[in-house]
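Protein chains: 2
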Amino acid sequence: MHYIAEILCVGTEILLGNIVNTNAKDLSEKLSVLGIDTYYHTVVGDNPERLKGAVAVAKSRANIIITTGGLGPTFDDLTKQTLAEAFGKKLVFLEDEAEKLRSYFKGNISSKMTQNNYRQAEFPEGATIFPNSNGTAPGCAFEADGVHVIMLPGPPWECNLMFDQCVVPYLKQFSDDEIVSHNIHIFGMGESAVEDKLNSQMTSMTNPTLAPYAKLAEVMLRVTAKAKTIEAAEEMMKPVIKMVYDTLGSVVYGVDVGTLENTVKQLLTEKGLTFASAESCTGGMVASRITDLPGASQCFKGGVVAYTNDAKSELLGVPAELIAEKGAVSREVAKALAEQVRLKLHADLGVGITGIAGPDSDESGTAVGTVFVAISDGKRTYCRDLQLGKRRDRIRTSAAHHAFDMLRRYLTDLEIEKI
Amino acid sequence: MHYIAEILCVGTEILLGNIVNTNAKDLSEKLSVLGIDTYYHTVVGDNPERLKGAVAVAKSRANIIITTGGLGPTFDDLTKQTLAEAFGKKLVFLEDEAEKLRSYFKGNISSKMTQNNYRQAEFPEGATIFPNSNGTAPGCAFEADGVHVIMLPGPPWECNLMFDQCVVPYLKQFSDDEIVSHNIHIFGMGESAVEDKLNSQMTSMTNPTLAPYAKLAEVMLRVTAKAKTIEAAEEMMKPVIKMVYDTLGSVVYGVDVGTLENTVKQLLTEKGLTFASAESCTGGMVASRITDLPGASQCFKGGVVAYTNDAKSELLGVPAELIAEKGAVSREVAKALAEQVRLKLHADLGVGITGIAGPDSDESGTAVGTVFVAISDGKRTYCRDLQLGKRRDRIRTSAAHHAFDMLRRYLTDLEIEKI
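Chains as they are written, first to last, in the numbering used here: chain F, 2 to 420; chain E, 2 to 420.
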């Protein structure tokens with residue numbers, strides 16, 4: 002039996018854009034781990050007619066419907082009534098659930114029980130009740146017309162905990178597949194170029210699957226396998242991951258490593274090496290990204306944001322003459338920044354970045370998007386001359402990516418200046 | 002004419018729970034600002050049959066369909082083809098769009114143009130094209146069968162910018178009411194405290210409306226008015242904005258100013274002043290955030306990421322004895338950082354930040370979340386002793402917010418150390 006899940010989130014606040022729908026994301030992720038395919042997310046407001054319509058649609062295209070929200074005591078909490086109706090079930094009052102509510106409120110000074118709280122003790126006839134260890138609204142599940150209907154509370158913390166505690170065991174009985182996936186991280190090749198090289202494999206593969214995800218200035222491939230056991234799924238993915246490495250080569254910077262900076266941090270820590278950064282146009286992005294990571298102090302000595310020529314000379318002793326002669330945005334200054342910050346901060350490696358992030362060019366008329374990224378190990382200094390487009394955020398982010406990529410390539414004995 | 006919008010997000014990665022659907026939230030928020038009701042969100046995977054089905058459903062219940070995703074060059078980018086089919090339109094190849102793609106790739110070393118990029122130059126016949134200033138995939142819009150179909154790219158930064166630049170003017174032509182809104186930015190008071198003070202007004206007001214939006218480490222209130230003319234709407238909002246200022250006081254840092262750093266940049270530029278930053282636990286966040294802004298070089302001299310004690314002494318001459326005696330995370334060191342970086346970089350103001358972002362405490366056992374933020378003008382140095390919780394990202398972001406807030410208060414003659 003192939004299960005198709007639809008997640009139906011009920012709440013006007015989501016449609017107003019007041020909150021982001023994390024429940025749909027969390028539940029989808031949890032379902033995929035159970036090997037259940039989620040084909041649709043739907044969000045509808047606290048409106049009985051539109052909810053009824055959305056339920057009818059869901060019923061026609063999914064055999065597992067998971068709702069979130071609308072289980073509260075107020076008049077606009079209509080999920081249980083509407084779903085029960087849609088599947089021709091009556092709501093029945095459960096005395097022991099009412100009793101649980103009474104005792105909850107007895108032990109709760111901050112809110113008093115009101116008559117309409119008793120609506121939370123009503124459930125579709127024959128439903129399995131899911132206790133709510135975080136709030137007053139229990140969830141429930143029933144099967145009708147070949148569809149499993151599961152209703153969960155809206156608050157993310159309650160929704161997630163109830164899924165883990167009650168829905169997982171409830172659903173396990175319907176699925177015996179495991180789904181496992183790995184992320185393959187790529188820098189230095191665009192999404193369409195990656196797709197070009199792997200098109201035939203991506204289109205032909207069904208299990209495992211291979212799909213590209215574009216991120217700002219980089220690309221990620223996700224390989225996903227479905228099998229009876231996690232071990233079997235892993236075995237199915239090994240040749241695919243190898244094939245991607247063989248096809249794309251050194252632009253692949255890791256599997257499940259998250260980010261370039263994380264890869265660099267791990268490599269530096271393994272080798273017991275450190276780096277320091279001198280940034281002009283990226284204005285501290287390299288430093289900020291590496292220090293986003295816990296324990297960065299082991300591999301990062303610190304940095305200088307040499308945003309003005311003043312700072313380049315004052316803090317790092319880059320000769321004012323060199324800046325005057327070659328220009329602040331030049332190969333030579335990028336190299337000097339890398340060499341000087343390395344010395345100043347007693348780091349093993351130094352990173353230097355200078356460029357024009359725009360929107361305007363500098364007095365010398367250097368084109369927006371021109372960036373020089375250098376790394377130095379004291380013996381030798383490497384530099385990339387880059388043209389990173391016209392958008393300020395893209396130029397800055399890509400420049401920082403290039404710095405981490407050069408460190409990554411240095412630490413893994415790959416060619417550094419060319420990609 | 003009552004417009005009903007459905008946001009149809011296309012992307013298997015959303016259904017796998019790999020990413021949270023921020024596009025639906027952002028677009029809903031932007032639509033509500035335009036006075037357009039969003040009744041449904043739908044998410045469907047990169048699957049032509051299911052997408053076709055979802056479009057048929059959307060067509061039956063909405064008269065504005067906004068899709069996100071599936072405009073890329075890869076084989077699983079099917080949105081344009083499927084939507085065109087669903088509304089009986091042909092896809093036509095636009096040579097001038099192809100030319101734009103060619104020139105985009107000319108200026109871009111990190112990705113090469115491939116044959117399948119040309120699919121991004123195909124559009125439904127008669128569509129209005131929305132240029133993508135952030136990427137290669139343009140969006141578009143057409144009207145058919147009484148429905149406005151608007152297609153936007155999936156990456157949030159591209160989707161949001163295109164909505165603001167192209168979709169807002171496109172949609173304005175269908176509404177004869179002017180809807181104007183202003184964002185009131187607040188730092189230093191939590192969302193519930195803000196709601197507490199303004200609850201009665203927020204619930205009673207219908208036009209203008211006043212609604213809170215919580216953001217990381219700050220709060221935003223949006224006031225929105227609907228009227229026949231922009232001028233009339235503005236008049237309606239003036240007393241509301243005044244009321245908010247009167248009620249909340251100096252925690253309001255501006256209206257429509259975007260961010261604290263932007264406010265600081267404007268104040269500094271007006272007064273012809275500059276600042277420099279010395280950051281420990283924020284690791285360059287202050288520098289990175291100010292240099293995110295075009296023209297930052299006018300007000301920002303540069304910064305030091307003094308992540309190690311070494312860096313604090315080496316680059317800024319903070320006495321090693323002071324660090325040894327008081328501890329790297331101390332009032333005294335924060336002040337010294339602010340004073341020294343100001344001198345080193347010849348800035349009018351210096352910012353110093355030191356703290357424990359976690360997850361682990363330092364050797365001295367200072368609690369995670371302890372942060373000292375100082376600013377100095379050469380005559381006097383001000384410092385805030387902060388306890389910013391346990392989450393690393395929150396601690397770092399809030400610490401940077403506090404630095405900008407102290408600068409803002411210094412530049413507007415408000416009390417600096419207390420909020």
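Since the hints were derived computationally from the structure, they do not count as laboratory data. Mixed in with the good hints, there may be bad ones.
Same chains, same names: a pair is fine if it fits in one copy or spans any two.
[Claimed, not checked] Keeping only pairs whose Cα atoms sit at most 27 Å apart, straight-line, the calculated DSSO-like set for lysine-lysine is:
#, residue 1, residue 2
1, 391, 101
2, 31, 216
3, 90, 327
4, 91, 243
5, 113, 229
6, 227, 198
7, 60, 173
8, 229, 380
9, 419, 91
Enumerate the violated hints, using their earlier numbering and listing them in ascending order. Hints 3, 4, 5, 8 and 9 are the ones this structure does not satisfy, whereas the remaining hints hold.
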